[in-house]
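2 protein chains.
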Amino acid sequence: MPIPSQVVKCYKYIDSQQKKFIEELRELVKIPNISSNSSARNHVDSAIKWLQARLVRTGFAVELKNTHYKTNIPPVILATLGNDRRKKTLLYYCHLDVFKVQSDKWGADPFVLREEKNGRLYGRGTAKMKGPLLCFLHAVDTYQALGINLPINIKIICESMNECKSLGIAEMLQSLRTGFLTNIDCMLMTDGQWTGNTYACILYGCRGVCYFNLTIEGLIEDLDSGEYGGIVQEPLQDLIYIVNHLVDKSGTLVIPGLDKDMAQVTPDEEKIYSQLKLNIDEYRKDSGIRKFSHDTSLSQSLMHAWRYPSFNLHYVNTVPPCECPVNLKIPKTAQARFSIRIVPDQTPEKVCRLICDHLNNVLKLRNSPNRARLRMEDSLRPWIADYRHWNYEAAKLASRQVYKDPANLVREGNSYRALLEFQQIMPKTNILLLPLVSGEANIHKDEECITLRCYMEGTKLIANYFYNLSISQ
Amino acid sequence: MPIPSQVVKCYKYIDSQQKKFIEELRELVKIPNISSNSSARNHVDSAIKWLQARLVRTGFAVELKNTHYKTNIPPVILATLGNDRRKKTLLYYCHLDVFKVQSDKWGADPFVLREEKNGRLYGRGTAKMKGPLLCFLHAVDTYQALGINLPINIKIICESMNECKSLGIAEMLQSLRTGFLTNIDCMLMTDGQWTGNTYACILYGCRGVCYFNLTIEGLIEDLDSGEYGGIVQEPLQDLIYIVNHLVDKSGTLVIPGLDKDMAQVTPDEEKIYSQLKLNIDEYRKDSGIRKFSHDTSLSQSLMHAWRYPSFNLHYVNTVPPCECPVNLKIPKTAQARFSIRIVPDQTPEKVCRLICDHLNNVLKLRNSPNRARLRMEDSLRPWIADYRHWNYEAAKLASRQVYKDPANLVREGNSYRALLEFQQIMPKTNILLLPLVSGEANIHKDEECITLRCYMEGTKLIANYFYNLSISQ
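Residue numbers (the numbering used here), protein chains in the order written: chain A, 69 to 541; chain B, 69 to 541.
Some hints could be false.
Because identical chains cannot be distinguished in the list, a pair is counted as satisfied if it fits within a single copy or across any two copies.
[As the list claims (entries may be wrong)] Below 16 Å or equal to it, Euclidean Cα-Cα: the simulated EDC-like pairs (lysine to aspartate or glutamate) are:
hint: 1; residue 1: LYS513; residue 2: ASP290
hint: 2; residue 1: LYS87; residue 2: GLU183
hint: 3; residue 1: LYS185; residue 2: ASP113
Think of the hints as simulated: they come from the structure by calculation, not from any bench.
Quick caveat, the model's predicted, so the values are computed rather than measured.
Take the sequences, apply the hints, and build the full model.
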């Protein structure tokens, strides 16, 4: 299918604006609006004001909306462009706030955009989400600058608490349910990143997560192991025994009933995996992993990272934490933190119950007099989208036309809290996750960057997607 | 067998001196000679000077001997009383230094002797070893005061580094081998304590110990569990898997070959256990243990504490220790410290080799790409004495006559470093461990004490033992 002429015009305009686009990214990156840093609240507010003015200039109707969930949460930006009943209405969710920085680990100031010869633009927020947000806005600008009628209506929700567990977003969406969020045809998020640096991707699923604190206690005080070793059941030994009995030798979860709710792999899904274009050596090398734990095919490895549950152990220690690792005491209390990544159609509640039952059985069979306390600290549901929906089809076509290659259809191991809240409020609305940055982006890490290629082609991708949305069905 | 008249005279004299004996304990407890506290070195020296003068007054020939092992180690006191070739020569090993204190956990100043109405004398060192050492000296005094010819020759070695792993003692003993340590017929230590508060005991064996640091490493950095959970073999999971495979469900060590070297229980030994007078409920309650791990008889429980090897896990953590237990990272490195209490005829070297082999096998079967490093940090050999030796027979008779009940013949779970050094240097000399304090003594803990009964009867016990030694064969 040839690229429509108005989209080709968009491409040309976008190419001509490169310098201007970079300057705008520089302007936005300069604001150190770290949401987790309460003393940066003025910067959070500056960024909001900046975007508000920017959207108004572009023609959006803009409202700053405060949540009633908790005071001191920065307002959410609600913006609307177009109200043509003959056009589809796209909801774009994004955020302005950035992740905290450890400045000493950066080669230069994280809030001064650095263009390097390797084609990368470094700076906190370049990849998440200031860069992709600007791609979206520049795509809108492009239609307007060329005098081409924007083929869709657009609504934007932009928050500034994304890096703080999207605090307040659930209550905000609830309050917008019968107002701002009506008449939405589909939704776009530009979260995520490509698997590797070469092939673009479209995201259609995420694992959820439940994380737990397990405490075993039973002794009144730490005991001398010379005196009591051999006759007392140690809480720390109970703990590692129990935790170790959550998985088999290969690390696969062995909790009875857990796999019953897991959506089975379909032939369609297998086909998706078989079509993935990925360099597994590059993938392994990027992560610094010498050998994947499942010594199988690329498809199987990716399934283990994306679509099977996994068990992760983050922390084991005594309570209070052992200050002196040279003593030979039997610690009276021990604690572990572990998480389970869950997948469709598992729910955190059911998984928590199965684990509780299993742990109690293991402890009972061990015949220990010690007590176990399991607490689920937090959870996120898994998510999966209908990747055959016209919203996805529009993105697939746009991606193929921009990147000259079909996009990888991928899932992710990590979940997105805001996404789940949208899904909860608008269960029938298709949500597209369209990552604009490549694997080298270092999201949430030091030396975060967006490549100039991703920045420019991301803008073209969105412009093309707008067009395809308007014609897809 | 009736108590000989000269011993009865000793008893009477000892009873008449109670006030004076308590005052002398008060005087010695007052010196805060904590060997682990380098700023208390002047107190360590004061105590040595005090004992030197005290021994000279009693008629001992005294020498202060410095070790060449390391400078700054306080001198050892060597004392000799009597050189009659027709008498046996007893070597008494003891120490002056005391264990560190956490003053805020004591009801009053740990270095001011407190006589309480419950019959206890509280103060650091009352039980280990200032109290028992004075019992020994008072027994010598008693013979002299009564003009009774001391029936044995006595040599004393008193060190001041016992609470610091007896640093320097090995080199010291080596240097004394062909001099001071010749012509020794038997040896006495007054270390240890009764099992419970009612029945006196004689100690004839101790478990040894080997302790290990196990490190598992394999990742370049901590990884995000959302991204890599399911495809990376976690060092911390490897660690708990491996450690968990050192023992079976009941906590019994399952290292192939380990039990091959273990001395088997003999009918004689079984008889000793069956004759023990012990209140198991009191024993359990004192330790704050609700239920022993081996749900069997008293004999079996005591065998698990004294004569079977045991596995103890002291510490598991990530490296560096996790500061933030709320993160969901996969830690790149994990570490554990565990110890194995070993028993006759096991050796630390062989045990270490068996554990190394076993760990490597477990890791290999697990097919992990991570690396394990096992290091034996330190070890003590197990010890067992011939409890049918005339040295023990003398103590058994003395104990029965003083306490009106046969003493329990016991072993201990913990080892004594100095004891092992003596055994190494004088492998043919029988060493008697004769605890003078009851189970309530709180050795190495807060509110250490000796009961007035133990203090006075301990003196009688030693006086009686001197006599029995002279006639036993």
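* To do: Starting from the hint list further up, note which numbers the structure goes against and sort them upward.
  => Failing hint: just 3.
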